[in-house]
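Using the UniProt record's numbering, the letters of the sequence shown map in sequence onto residues 1 to 31.
Since the hints were derived computationally from the structure, they do not count as laboratory data.
Keep in mind that the hints are not guaranteed to be accurate.
Stated by the list, open to error - Here are the computed distance ranges between Cβ atoms for each label pair:
#: 1; residue 1: H30; residue 2: V2; range: 36 to 42 Å
#: 2; residue 1: G3; residue 2: I23; range: 27 to 33 Å
#: 3; residue 1: M1; residue 2: S28; range: 37 to 43 Å
#: 4; residue 1: M1; residue 2: G31; range: 31 to 37 Å
Here the structure is a predicted model, which is why all the values come from computation and not from measurement.
For glycine and all other residues, C-beta sits at the position ideal for the given N, C-alpha and C.
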Amino acid sequence: MVGLKEIKRVKEVFSDTISKIQIIAILSEHG
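Whenever a hint applies, use it, and build me the whole structure from the sequences.
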């Protein structure tokens, strides 16, 4: 059984990775 803390941690890392990918995509489009 996975705890809520682990789930929250995974969600935070996941959303942080998505925002980084979006920033890179935007920069590469304008670059």
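Please test the hint of 37 to 43 Å on the beta carbon pair from M1 and S28. 41 Å, holds
Could you see if the CB distance from M1 to G31 stays within 31 to 37 Å? The hinted range 31 to 37 Å is violated for M1 and G31, with Cβ atoms some 45 Å apart.
Assuming the hint says 36 to 42 Å, is it satisfied by the Cβ distance from H30 to V2 or not? 39 Å, holds
Given the hint of 27 to 33 Å, check if G3 and I23 actually sit that far apart at their C-beta atoms. 30 Å, holds
In this structure, the one hint that does not hold is number 4.
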